[in-house]
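Trainee: Going line by line, the protein sequences match chains A and B.
Read in order, the letters of the first sequence correspond to residues 0 to 525 in numbering that gives the first Met the number 0.
Read in order, the letters of the second sequence correspond to residues 0 to 405 in numbering that gives the first Met the number 0.
Bear in mind the hints are in silico, worked out from the structure with no lab data behind them.
The beta-carbon is built from N, C-alpha and C at its ideal position, and this holds for glycine as well.
Be aware that a few hints might be false.
A partial selection of chain B residues facing chain A, derived with a Cβ cut-off under 10 Å [to be verified]:
| id | residue |
| --- | --- |
| 1 | Ala252 |
| 2 | Glu255 |
| 3 | Arg258 |
| 4 | Arg262 |
| 5 | Gln270 |
| 6 | Gly280 |
Distance condition first, Cα-Cα at most 30 Å in a straight line; then the derived DSSO-like pairs of lysine-lysine [claimed, not checked]:
| id | chain 1 | residue 1 | chain 2 | residue 2 |
| --- | --- | --- | --- | --- |
| 7 | A | Lys430 | B | Lys234 |
| 8 | A | Lys209 | A | Lys430 |
| 9 | A | Lys176 | A | Lys250 |
| 10 | A | Lys246 | A | Lys209 |
| 11 | A | Lys302 | A | Lys289 |
| 12 | A | Lys481 | B | Lys234 |
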Amino acid sequence: MTRPGFVLEVDDRTPPLVVHEGLGFRLESFPLGTRVVYPPESLPTVPDVEAAIRDALLHPEDSAPLPELLFAGMRLTIAFDDLSLPLPSMKAPDIRGRIIEQVLTLAAEAGVDDVEIVAANALHRRMTAAELRHIVGERVFRSFYPQGLLYNFDAEDRDNLAHLGTTDHGEDIEISKRAAESDLLVYVNVNLVAMDGGHKSVGIGLASYKSLRHHHNPKTMVQSRSFMDHKKSAMHHSAWRIGRVIKDHVKVFQIETTLDNDVFPKPFDFFQKREWEWGVRDQGSMLAAKRGLAVAPQKLRHKLFHDMRSAYGLTGISAGEVEAVHEKTLERVHRQQVVEVQGQSDVLVLGVPYLGPYNVNSSMNPILATCMGLGYYFNSYRHQPVVRRGGAVILYHPLNEGFNQLHHPSYVDFYEEVLAESTDPAVIGEKYEQQFAEDEWYRHLYRTSHAYHGVHPFYMWYWAAHAMDHVDEVIWVGADRKVAARLGFRAASTLADALEMASGTVGTSPSITYLHNPPQLLADVR
Amino acid sequence: MMLALEMFRSLPRTVAGKAVGRRLPGILSGYAAPLRLVTLDPPKVDRPGWARLRTRLSGICGSDLGALSGQTSLYFSAVVSLPFVPGHEVVAELVEDCEDLPAGTRVVVDPVLTCAARGVEPCEGCASGATNRCSRITVGHLSPGLQTGFCKDTGGGWGQQLAAHRSQLHPVPEGYSDEQAILIEPMACAVHTALRAGVRENDRVLVSGAGSVGLFATFALRRLTAAGEIVVVAKHAHQREFAQEFGATEVVAPGEVLRRVRRSTGAFQVQPEFSSPYLLGGVDVAVDAVGSSQSLETALQATRAGGRVVLSGMPAPADLSAAWFRELEVVGTYASARHEPLLSGPYAGRSAFDVATELVGHDAVARLAKSVAAYPLHRWREALDHAHSAGRLGTVKVAFDPRSSQ
Chain A
0 MTRPGFVLEV
10 DDRTPPLVVH
20 EGLGFRLESF
30 PLGTRVVYPP
40 ESLPTVPDVE
50 AAIRDALLHP
60 EDSAPLPELL
70 FAGMRLTIAF
80 DDLSLPLPSM
90 KAPDIRGRII
100 EQVLTLAAEA
110 GVDDVEIVAA
120 NALHRRMTAA
130 ELRHIVGERV
140 FRSFYPQGLL
150 YNFDAEDRDN
160 LAHLGTTDHG
170 EDIEISKRAA
180 ESDLLVYVNV
190 NLVAMDGGHK
200 SVGIGLASYK
210 SLRHHHNPKT
220 MVQSRSFMDH
230 KKSAMHHSAW
240 RIGRVIKDHV
250 KVFQIETTLD
260 NDVFPKPFDF
270 FQKREWEWGV
280 RDQGSMLAAK
290 RGLAVAPQKL
300 RHKLFHDMRS
310 AYGLTGISAG
320 EVEAVHEKTL
330 ERVHRQQVVE
340 VQGQSDVLVL
350 GVPYLGPYNV
360 NSSMNPILAT
370 CMGLGYYFNS
380 YRHQPVVRRG
390 GAVILYHPLN
400 EGFNQLHHPS
410 YVDFYEEVLA
420 ESTDPAVIGE
430 KYEQQFAEDE
440 WYRHLYRTSH
450 AYHGVHPFYM
460 WYWAAHAMDH
470 VDEVIWVGAD
480 RKVAARLGFR
490 AASTLADALE
500 MASGTVGTSP
510 SITYLHNPPQ
520 LLADVR
Chain B
0 MMLALEMFRS
10 LPRTVAGKAV
20 GRRLPGILSG
30 YAAPLRLVTL
40 DPPKVDRPGW
50 ARLRTRLSGI
60 CGSDLGALSG
70 QTSLYFSAVV
80 SLPFVPGHEV
90 VAELVEDCED
100 LPAGTRVVVD
110 PVLTCAARGV
120 EPCEGCASGA
130 TNRCSRITVG
140 HLSPGLQTGF
150 CKDTGGGWGQ
160 QLAAHRSQLH
170 PVPEGYSDEQ
180 AILIEPMACA
190 VHTALRAGVR
200 ENDRVLVSGA
210 GSVGLFATFA
220 LRRLTAAGEI
230 VVVAKHAHQR
240 EFAQEFGATE
250 VVAPGEVLRR
260 VRRSTGAFQV
270 QPEFSSPYLL
280 GGVDVAVDAV
290 GSSQSLETAL
300 QATRAGGRVV
310 LSGMPAPADL
320 SAAWFRELEV
330 VGTYASARHE
340 PLLSGPYAGR
350 SAFDVATELV
360 GHDAVARLAK
370 SVAAYPLHRW
380 REALDHAHSA
390 GRLGTVKVAF
400 DPRSSQ
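With the sequences and hints as input, model every part of the structure.
Mentor: Here you go:
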């Protein structure tokens, strides 16, 4: 039996607590009375992964078994979540590769020979061959990649997109033509958080800008309460509408997987534990890591963290009809991540670690750090935000890791040009989004290099729109002041300074909640 | 006798200037420049049409600073005569009658020493009104000298008096301050630059630099051409403000130029090895208004194939690969012409000085004129230091006021 997540109230005996801040962490002494929300420990995992996969394919939810859907002469497309999931990347073999192997085995037994495997990267960057190989495994990679049958989705390849119509809300549905014209589309997902999966997989992962712009916009983002609750998220409502239309055109066999919380491998596994339970070995590891990171050059720290691979365990797998599968998935994700929190607080404290979905093997630039803190972590709630309306969010990140010119070229222009004029998501979206989305150079880099789409920084900024709309004060501890100012925020050197700065908004004795992640947690705020 | 600053021949100082002038221009111009404060007889040219003038104000131009810090190309050594009194941006008053202009008239000087001033038959350039292309600048009744301020016989604005020919004189309208009037000559150059830029309707133009040359070029481009977007590269806050006021659509920092131009023109960008990036595509016309290698290369790198690059600042050595590879038209623009054939509309048939005089009356320029920093001659070191750092110090134009003692 694993221990559930829980809420600690800081008292005299509470030791300093770990707070992540980019390529490092600090030990922070929180004011007495601070609520600290710890994620649950990992759930028991599936003992035999191969058997669990086979069982899911043969006994799907609201669907015929996969072998019955496969027939000779058919056109089969297998799509899978790209490198933005899971975080950090999974130690080989990746669960997606193991599933794809079994699907291919069944397809071969059924005599299917028209198979293509596509990474559902939407407007994310193209993965490199090595990154694709890591996900699908050596055997699948060697069998499909050289023939061009394993590839990244290209949302700007007009000839290979299909417009399936519009929803009753007028939302365009434009997805991969190959997927749309297949007799069967098998989607292989990894659910790290409750936001993933469901109709978001095909409807977003294989969609073009024309389709994505209907829900990836400031208005929709602000109305999503939260991204982790698809029934209260305007973005998900749109994705669901789109998904249901796709369902009328394409036979989708969805395979969703859920993982445990084992994100930190040795020697960083002390991050998984609660600080007052650290043994001598944990304390030694922590000290060594902290000292080592403090003197290591940025490049080395980056390599150290980004080479990290997690030994996730599989907590479950479901296959079949999209919505039925997703219900099962959510139940498992919630069991792994939900922590009940009583009431909102005046201040929310968050540490932003080195990694988010959009900087795998890359750098966490200030826009991505904002997205990670105010987009992902702020939205890690159900029912109501952890912080009250008009409260303050205090985040930890240096905000200075620079822009990766290979992966994030449009981010530089967004930062230098767009944010210099306004930080209001609605204003910048109105004025600049289309220009960036239709910029030929960004299109070229997205299609032929490894760059995120030109519009991507806007989406990252919109991701934080709900938080920016909800709170009155955003303060970054340890951040570069100039960068914070460009983003429209303030910077402080210490937590005490940040609380002092926020006192005009939340008073001198605010209630404080610290979400102690990663690993991922979902605050169920009552 | 009169007080004047005199530039003299000094091999050690010129060599020193060439060696370190680019890195330490302030120190050189202040303490090691081939310049001295001297007492001289007022210059006098005993020829018809010449008269003496008493300087009221005389600007310090980038070309003056280049000469003093040894950065100017030796190309020009054949068309100057040392020692000379610098200063070609001059507002002065006539000490004596000059043909139709009575003594006391306040004038600005068109510095080019043309055939008319030299008393020789008009060359092809002068005959056609392209007086800035005069081919006789080393002959006639005067010592060699392309302009007043580079000729030992005429004196220059950095002295209490100078001599000028009637063909060079343009009366200053009533109501103009001396500070406004001193901007007429650089504005005339800007008028000529704007016309040489060959801007077509809605062309995208880049002006690299927002010192006086860049700002006036922006102003002239906006008023005399049908340019669409004008992007101005400015380093300092006051330059950004003026650039916007003078007609820039966008003002960008030097480090942002390529990015901004790339995005606004939909260009592609490439990154050569061990070198700075450049655009495939870009603006239709780029004006280098600085004269540094970096600025010129920025202009070359940001201009589309077949576009035009205008050398408004005195050019520095630069990589001209782009001019070859992208088939750029690289055109120079020097001083201004008596007759500017490309002027159209209400300005058609007028001289650059005439148009400039009108443009300087604009409110935005009048506001800029208020920031002109004037120094007496004996504080020349401070003045040159100020001029070298004008952008950083929030000044657009530094000048000498030979009448002042403090």
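Trainee: Now tell me if each hint is right for this structure.
Mentor: Hint check results:
no. : hint                 : in the structure
1   : Ala252               : 9 Å, holds
2   : Glu255               : 6 Å, holds
3   : Arg258               : 6 Å, holds
4   : Arg262               : 6 Å, holds
5   : Gln270               : 9 Å, holds
6   : Gly280               : 9 Å, holds
7   : A:Lys430 to B:Lys234 : 26 Å, holds
8   : A:Lys209 to A:Lys430 : 17 Å, holds
9   : A:Lys176 to A:Lys250 : 14 Å, holds
10  : A:Lys246 to A:Lys209 : 19 Å, holds
11  : A:Lys302 to A:Lys289 : 16 Å, holds
12  : A:Lys481 to B:Lys234 : 18 Å, holds
Hint check: no violations occur; every hint is consistent with the structure.
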